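These protein sequence lines map, in sequence, to chains F and B. Heads up, the first sequence is in my numbering, so the first residue is 1146 and it goes up one at a time. Heads up, the second sequence is in my numbering, so the first residue is 1146 and it goes up one at a time.
By construction, these hints were calculated from the structure, which means they are not laboratory data.
A partial selection of chain B residues facing chain F, derived with a Cβ cut-off under 10 angstroms:
| # | residue |
| --- | --- |
| 1 | 1147 |
| 2 | 1191 |
| 3 | 1197 |
| 4 | 1238 |
| 5 | 1268 |
| 6 | 1272 |
| 7 | 1280 |
| 8 | 1292 |
DSS-like mimics (lysine-lysine), calculated; alpha carbons at most 30 angstroms apart, straight line:
| # | chain 1 | residue 1 | chain 2 | residue 2 |
| --- | --- | --- | --- | --- |
| 9 | B | 1173 | B | 1255 |
| 10 | F | 1173 | F | 1255 |
| 11 | B | 1216 | F | 1255 |
| 12 | B | 1255 | F | 1216 |
| 13 | B | 1173 | B | 1216 |
| 14 | F | 1216 | F | 1173 |
Derived CB-CB ranges, DEER-like:
| # | chain 1 | residue 1 | chain 2 | residue 2 | range |
| --- | --- | --- | --- | --- | --- |
| 15 | F | 1206 | B | 1197 | 27 to 35 angstroms |
| 16 | F | 1282 | B | 1146 | 36 to 44 angstroms |
| 17 | F | 1289 | B | 1282 | 20 to 28 angstroms |
| 18 | B | 1197 | F | 1215 | 20 to 28 angstroms |
| 19 | B | 1248 | F | 1219 | 24 to 32 angstroms |
| 20 | B | 1195 | F | 1210 | 24 to 32 angstroms |
| 21 | B | 1184 | F | 1250 | 46 to 54 angstroms |
| 22 | B | 1246 | F | 1219 | 22 to 30 angstroms |
| 23 | B | 1146 | F | 1212 | 17 to 25 angstroms |
| 24 | B | 1184 | F | 1168 | 30 to 38 angstroms |
Please read all numbers here as calculations on a predicted model, not as lab measurements. Positions of the beta carbon are idealized from the N, C-alpha and C atoms, including for glycine.
Protein chains: 2
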Amino acid sequence: MINLHPIGVLRTPFVTLADCPRNTRQLKPAPVCRAVVDAEFVPGLAGLEGFSHLILVYWLHQAGPVSLRFKPPFDDQERGVFATRAPRRPNPIGLAVVVFDGFDGAHTLKLRYLDCLDGTPLLDIKPYLPTTDAEPDATMGWLAPHATR
Amino acid sequence: MINLHPIGVLRTPFVTLADCPRNTRQLKPAPVCRAVVDAEFVPGLAGLEGFSHLILVYWLHQAGPVSLRFKPPFDDQERGVFATRAPRRPNPIGLAVVVFDGFDGAHTLKLRYLDCLDGTPLLDIKPYLPTTDAEPDATMGWLAPHATR
Chain F
1146 MINLHPIGVL RTPFVTLADC PRNTRQLKPA PVCRAVVDAE FVPGLAGLEG
1196 FSHLILVYWL HQAGPVSLRF KPPFDDQERG VFATRAPRRP NPIGLAVVVF
1246 DGFDGAHTLK LRYLDCLDGT PLLDIKPYLP TTDAEPDATM GWLAPHATR
Chain B
1146 MINLHPIGVL RTPFVTLADC PRNTRQLKPA PVCRAVVDAE FVPGLAGLEG
1196 FSHLILVYWL HQAGPVSLRF KPPFDDQERG VFATRAPRRP NPIGLAVVVF
1246 DGFDGAHTLK LRYLDCLDGT PLLDIKPYLP TTDAEPDATM GWLAPHATR
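In isolation and in its complexed conformation, chain F is listed as follows (with noise of 0.2 angstroms):
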């Protein structure tokens, strides 16, 4: 067993399941979103300025039970949970690729593109490296169909 800690929580405009984006790139204007961090791990900040892009890493503390195989509501067939973004995960940990807007105060990041709820715990933040994160050919597999960007 592995144990976790949030060190923020995420503030956006979504505030029930039903508000929450399928890709919040299509959203226009983007809504602004912000990462507060506890004081403890302020620290760890150092260094952010000049990053475009960041990974949040969080939990879905709302997720539900877990849901190994369902029907996704855009498509036709059972898919399995790890061919999908859905919450209902083994460990639902969710990640957002973000806009990273720089600092309001020493605790609080702005942010752009995050689709999760109001009060989301977060676990991480991690720059975002185009070098080794920047997939852009990479392929779809069921969702190609479905792709809105």
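Position chain B against the provided structure of chain F, taking the given hints into account.
Relative to chain F, chain B alone:
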């Protein structure tokens, strides 16, 4: 407190931390790695065919004590851990964007571009979606002069 449990294990050629490459995309040819998924979670793998890339989320089980600020080996000043991909994080969760080379039996995924230790506990598998995960023009802050691809 949040509890996680491994869904499988990662097999790589990297036996000690010193073996782990800074950027596996530099290794030619890229070593073949594997994710071996526990039997109970195999139903969740249905539908992964056709995704060229995956995001693996794993537990950095040999990360050591948390270090919020430190001097990276190839840098001349202290950085906050959240501005690095170093393992000694408050929640030592690792992630990697990997090439998915298909299945080797029902339980085992063939992968390239993992850089973690052999035996690393696997927590999650997500499909890589270029529509939300690829930002090839992202800027790299203090890491820019050290970029290796």
